[in-house]
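*Asks:* Work out the full structure: start from the sequences and follow the hints.
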Amino acid sequence: MSEFDQLYREVILDHYKNPRGHGVMEDADADAEGMNPLCGDEVTIYVRFGEDSDTIDEVKFSGRGCAISQAATSMLTEMVQGKKASEVATLDKDELLDEIGIPLTPIRLKCAMLGLTTLKVALHKAKGTPLPQGLAGYDELELT
Amino acid sequence: MAVEARPKLDAHKLRTDFPIFDGEVNGKPLAYLDSAASAQKPRQVLDAIRDFYETSYANVHRGVYKLAEDATAGYEGARAKIASFLNAPSEREVIFTRSATEGINLVAYAWGLDNLGPGDVVVVTELEHHSNFVPWQYVAKRTGAEFRAIPFDDHGELTLESLDEIAAAGNVKVVANNLVSNSLGTINPSERLGAWAHEQGAIMVVDAAQAAPHRTVDVQALGADFVAISSHKMCGPTGVGALWGKRELLERMSPFNLGGEMIRSVKLDKTTWNELPYKFEAGTPAIAEAVGFGAAVDYLTEIGLEAIEAHEHELLAYALDKLGEIEGVTCYGPPPERRAGIVSFNVDGIHPHDVAQVLDWEGIAIRAGHHCTQPLMTRLGIAATSRASFYLYSVREEIDRLVAGVERVKKVLG
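Top line first, the protein sequences correspond to chains E and F.
Numbered per my numbering, the first sequence spans residues 1 to 144.
Numbered per my numbering, the second sequence spans residues 145 to 558.
Just so you know, the hints here were simulated from the structure itself, not pulled from any lab data.
Hints are supplied without guarantee of correctness; some may be wrong.
Calculated Cβ distances over 10 Å to all of chain E for the following chain F residues [unchecked claim]: (1) 194; (2) 214; (3) 221; (4) 340; (5) 416; (6) 498.
Calculated pairs, EDC-like style, for lysine to aspartate or glutamate (alpha carbon to alpha carbon, straight line, at most 16 Å) [unchecked claim]: (7) E:83 x E:58; (8) F:555 x E:10; (9) F:172 x F:541; (10) F:152 x F:362; (11) E:17 x F:492; (12) F:390 x F:362; (13) E:84 x E:33; (14) F:555 x E:14.
Bear in mind that the values here come from a model prediction, so they are computed numbers and not experimental data.
Even glycine gets a Cβ: it sits at the ideal position worked out from N, Cα and C.
*Replies:* Next up, the structure:
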């Protein structure tokens, strides 16, 4: 199998072409916008909690991106369903990478992680769970 | 009647100057279509750097021994070559920087912080690379000046009708523009903008990083006050660039970086600055890189900028034709007669990263992303493009491979 076939293996293409959880959630309990500054990709993640307001009932996402970022985010929406916010906040990126199951270059790794990072930010905003490493202390130049 | 032949270059022959093309990428010969990001290096430049290190290397300027003199001669010789390449009135007006970006930052900080304030207007365009956008946005914010961007039309060309409205916003003090857009290839009317800037009493700062490798940049004909260029886009090494500035302005400006070499005298209570250009060259410069930059300028001059421009134009027209024939491909930017050898495009429903990834396995190197021009992408209503760009060593076969590659992309991901 060539590298090419590996990267765009069937399951990735399936999630890319038929993304799960794609769409806007109007009455989300938590949401966040994420951006990959390398390629300009944008994703918004929406979360709805269950009755205990801690267990994730549903995750949706909107935005645009490459096959890897879209497929990874689509897989993520399935992976985190039924998990607690605190579990997802500490979810190791390797768990998602195992699910994706293909070798990724450092650049494409950022594409793959966009959804997970954004989801963690959404949970941080709503539940005060820890931010992913690297985003802590993140600040933007306020120009407006 | 004798007809003057148009200058021509033989790209297949020139390719043999570039060792990178001897190798393969993913088992395929390299089709390098990313010269707008950085150009490959010919043996002539690589040899010049190696030879300099092997025979003439020492720190520059203050050593009294022979080797230091040789090194200084190499470094200053490179400055003279760049001054002549840009048709600068004086070598003293050519400052070595780390990059075109640093050159623009030098002007933004050293001129901007002292000369801008509330009521002033800093003008850029929506076509700028972030390097000629963010420093001005930042310095405007720091000084309380207004920040305005000249918009562009659907062809990616600046709409100068907006100038009157911008002038009404206050005292226009700076106009900053790239001569060639790195995203769309648009050749901008920097001369006209410069004339307008001067009517307003403003300075004109031209980012020529994307222009200087491909067409003649004559700082006097441009009528600019500052012009920044970058070695690595011109077949030279990374880590060095040049800023040309008008002597009167440079002399009146505060220094940028402070330290060794840029001083005349240092006392406990007072320090005076060195003369031009050294006032702006604190610290040990990129000496061998500057020498390599000089060799690159020699290389380009030998081939001829007109021949390079004509060659790229031919490739551009061919690429626009061929890509335009593919269903679902959108090309952005002006018609070929008003642009440089850059093609930004999108394939319907397929992200540029995926396009670039599939092409990579074919040995084709293109760029995918926002190309450091996010305001431009926002204006076009897209997140990113795929971008193919050409240089003196680019050949038609590479464009044919690009076109076949895009067809494959569509098959796999469409």
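*Asks:* Taking the earlier hints as the rules, which of them does this structure contradict?
*Replies:* Hints 6, 10, 13 not satisfied by this model.
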